[in-house]
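So the sequence lines, in the order shown, correspond to chains A and B.
Using the working numbering, you'd call the opening residue of the first sequence number 24 and step up by one each time.
Using the working numbering, you'd call the opening residue of the second sequence number 24 and step up by one each time.
Hint data in this document are derived by calculation from the structure and do not stem from the laboratory.
Remember, predicted model here, so these are calculated numbers, not experimental data.
Any given hint could turn out to be false.
It does not matter which identical chain is meant; a pair holds if it fits inside one copy or across any two.
[As the list claims (entries may be wrong)] In silico SDA-like pairs for lysine to any residue, Cα to Cα no more than 20 Å straight-line:
1) Lys303 with Thr282
2) Lys318 with Gly331
3) Lys399 with Asp333
4) Lys399 with Pro352
5) Lys169 with Phe275
6) Lys169 with Met252
7) Lys179 with Arg279
8) Lys356 with Trp326
9) Lys459 with Glu408
10) Lys179 with Ile152
11) Lys240 with Ala142
12) Lys399 with Trp413
13) Lys179 with Leu281
14) Lys459 with Arg419
15) Lys459 with Phe414
16) Lys459 with Tyr411
17) Lys356 with Asp328
18) Lys179 with Leu288
19) Lys208 with Arg237
20) Lys242 with Asp393
21) Lys169 with Lys179
22) Lys240 with Leu415
23) Lys208 with Ser197
There are 2 protein chains.
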Amino acid sequence: MTQAETTPQHVYIEDAAPFDGQRITVKGWLYHKRSSGKIRFVVVRDGTGIMQCVASLADVGERVFEDIDRMTQESSLIVSGTVHAEPRAPGGYELTLESLQIVQIAEEYPITPKEHGTAFLMDHRHLWIRSRRQHAILRIRHTIVKAIRDFFDERKFTLFDPPIFTPSACEGTSTLFETDYFGEKAYLTQSGQLYGEAGAMAFGKIYTFGPTFRAEKSKTRRHLTEFWMIEPEVAYLDLDGAMDLAEDMIVFIMDRVLTTRMEELKVVERDVSMLERIKKPFPRITYTDAVDILKKNDIPFHWGDDIGGDEETTVSNQFDRPVMVHHFPAAIKAFYMKRDPQDDKLALGFDMLAPEGRGEIVGGAQREDDLDLLLKRIHEENLPEEAYDWFLDLRRFGSVPHAGYGLGLERTVAWVCGAPHLRETIPFPRMMSRLKP
Amino acid sequence: MTQAETTPQHVYIEDAAPFDGQRITVKGWLYHKRSSGKIRFVVVRDGTGIMQCVASLADVGERVFEDIDRMTQESSLIVSGTVHAEPRAPGGYELTLESLQIVQIAEEYPITPKEHGTAFLMDHRHLWIRSRRQHAILRIRHTIVKAIRDFFDERKFTLFDPPIFTPSACEGTSTLFETDYFGEKAYLTQSGQLYGEAGAMAFGKIYTFGPTFRAEKSKTRRHLTEFWMIEPEVAYLDLDGAMDLAEDMIVFIMDRVLTTRMEELKVVERDVSMLERIKKPFPRITYTDAVDILKKNDIPFHWGDDIGGDEETTVSNQFDRPVMVHHFPAAIKAFYMKRDPQDDKLALGFDMLAPEGRGEIVGGAQREDDLDLLLKRIHEENLPEEAYDWFLDLRRFGSVPHAGYGLGLERTVAWVCGAPHLRETIPFPRMMSRLKP
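Produce the complete structure using the sequences and hints provided.
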């Protein structure tokens, strides 16, 4: 048996380094190829990396050269040969080809190096995710998800999956997706927070991590109809504690991405100096401070108004790292936020605005823990008290100060990657005009 | 300042061991209390464990005794004192009480040590999760989720979140939840597999982990309308490889639970010897072997029929660990399963049946990778070809052998915990007649 006839061990490209100088097999797809006299360069991707394979006519023979020549982009193939370090090769390793087996010759691949329109790429999302930039973004997404989970797991938070089907509309039905639930109406969750509060009373500290839904009629680049949220909730935590937790979490995420995904950050051409400066402490300013900043920047704004996207950018542009704005006018915030005991007009909520005009990525609050005040708020907002009966129970049976927040996963991925649009940050984005594939 | 006036460090009960002999503060809820002459025993839970606090009149004074006496079950409180090992105490540590602060006196708690009906407990699920057994099951759920994620992350699978909103019904609409999606019909996903296949072609090996939905009209203890699924999918993997992966995963989960959750397994009164025997290799039998087993056990059964719940129990009862049944009649399996090249009547699918009559916990297959055969199957089953166009693209552009499977999270949790009904395995179960709280 000649050397070329044995099949060496299958190795994923990202794991090739320890096999330097050894014979391996790589299974993947043709990324591209080029020819230089009696040499063929076959660049293979296997989903974990790309590797250049070098074939000389003398080594592999006419037959393999013919196979290489008839292979199209994204054809599937299995190659074997000796791997060795080659600093000039993409990924740093190169394979001296010994054998090549075509698995399938692909039809003419629709996504080519030329420019494609967004609609075309979105229609081909199932293939587009193979492209280098999309691949890199989704690997960074994976790393961010894992960092977030590790952050909470290491701190012994209990994962607490809230229901997706909810019986009542928490804050109006206009942005809710509705479904028929065996004759009843059910709504898809917009937030697991209320359930998370029940979890915090049972487990002390919990986090939810799941999809949430919003029937946004807006077509902006900052909105998806289906997006993933992380919502920690902690008993015996106050507003400051929630801001500390959010700050620690963001720093943890950045450290993880910068230590493990530099390769992918390079692919997406991210200016990593913008991420390296995300260190504690993050500035914390009150809503009133933020209004002052707007006024100093000649933005017409009245105390009491909601801070919109453009205003957020003006405020966050004053800082080189995320800024936390807290103590909002209670009137513009949700009924469940605790009022400031010092000033009843203020709510103990906070938003974290990411730098570079990225807008709000975290929104949180200390929750109202007083039964009577919470009831009063529910009545003032004309919410159906009966729907909140179980939620009110949390204030009847051992109420404690507690706080939490929500982090939007896709906005975080977009910020880290410098992606202009959320559609690149999730495998199959769902938007008002996009339900396929 | 006396010792009792300083506030010692807040410590979670599960983290108390390193503080043996030191003063700490515990923040939680009154679990129960008893009195013995001039001693009061105050058992506090904080969501991470329970700790007995011992108060002597001489140490704490009349005022604290009065506070203890007026406290009701689940009242919230903050206690400080010196913690020390006490083997007889629940959790192994005891606190000599120095100070006690009532946060809130709870109203009369609806869940008492007396027996309650299931409907009552389900109506009070937001409180029921504080009970010891429910708390233990959900902590085990957390550990199983983490074990599954660690298993795939360590093997460098990329997390790939499939969409929840899907445009088309994969296998008929009768068990699908439908929603109006800006004038179009959208369905809630029953499985991320088809999208996962696109992911496997882009990333080599992926796993999905998210909620899936089924409008089951059955009220059995084995069905939820909303449940979490893990679905790995791997390019260049065959049926045997998928069974290897599923086997390794289950063994990994069991090891993790047995090394970290013995306390909780004790609470749920699980016979852990049943879990300790879950070791490799798991028996693998063909569908035809399974039919033979049924016949030997005098179960009337025809080759070609689907193996139902009772038959699964008969088959799995022959083994002391999970059994994998493979090579099913193609006619009873999904269109996307690859046919056995040796025998066109068989599909390269497998089910893993858990022991103790727990039924199917894993279902998987090698997928059909030939475009023409897949098209033929779609036409035979009268499925709308257009809806699968993007899925067929995966066979047009670099098709490769690939395989994967789905694991039902709640069924796994129920098996590990020995829970008779799935409703205990998720924080807020959703069933045909249960949408609240």
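Quiz item: Which numbered hints turn out to be false for this structure?
Solution: 3, 20 and 22
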